[in-house]
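**Student:** Sequence:
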Amino acid sequence: MAGKVYRSHVQISRLQARQIIEAAFGNARNAAMEPLTVVVLDLGGNVIAAEREDGCAPLRFPVAKGKAYAALGNGVASRVVGERNAERPAFLASVAAASDGKFVPVPGGVVILDENSQVIGAVGISGASSDEDEQAAMAGIREAGFQPGLAPD
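Under my numbering, the first residue of the sequence shown carries the number 1, and numbering increases by one thereafter.
No wet-lab data here; the hints were simulated from the structure.
C-beta: ideal position from N, C-alpha, C; glycine also.
Please note: incorrect hints may appear among the correct ones.
Unchecked claim - Computed beta-carbon distance windows for the label pairs:
no., residue 1, residue 2, range
1, P89, E34, 23 to 31 Å
2, V47, D131, 34 to 42 Å
3, E83, G3, 18 to 26 Å
4, N30, G145, 16 to 24 Å
5, P35, R84, 27 to 35 Å
6, G3, D131, 48 to 56 Å
Please take these sequences and the hints and turn them into a complete structure.
**Tutor:** Written out as structure tokens, the structure is:
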């Protein structure tokens, strides 16, 4: 018989990740956005939950995951990563290469903060305009009881 193993500490439960997704979809439907794909990552960059609405194109999942990964990997929203480095294309290309292409520095990726304003995961959304993707991500994060992190003051 196999021995016991240690469990990892869960900071965002599967249920909370599902709440983020459902709230993001609800926000999108209320705003008449295009269909979305939503990806929720844990602190290690692992997918907790992901789902796409009917009508999403096939590349929406990797783009959503890349937005979340860009936010998570830098500790700020993917919008901020892109804006801060707009004049540094070599840096952005290097980070994209270092992340095996999992890095998408455009709006739609938002870090998830706990009650101490510490990053515990990220949400990435693709499907509508980048600004709308970001809006839906923030709505989902709040609905699950967390705070969205755009950029530290």
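**Student:** Tell me the hint numbers this structure goes against, listed in increasing order.
**Tutor:** Numbers 2 and 3 - these are the hints that the structure violates, sorted from lowest upward.
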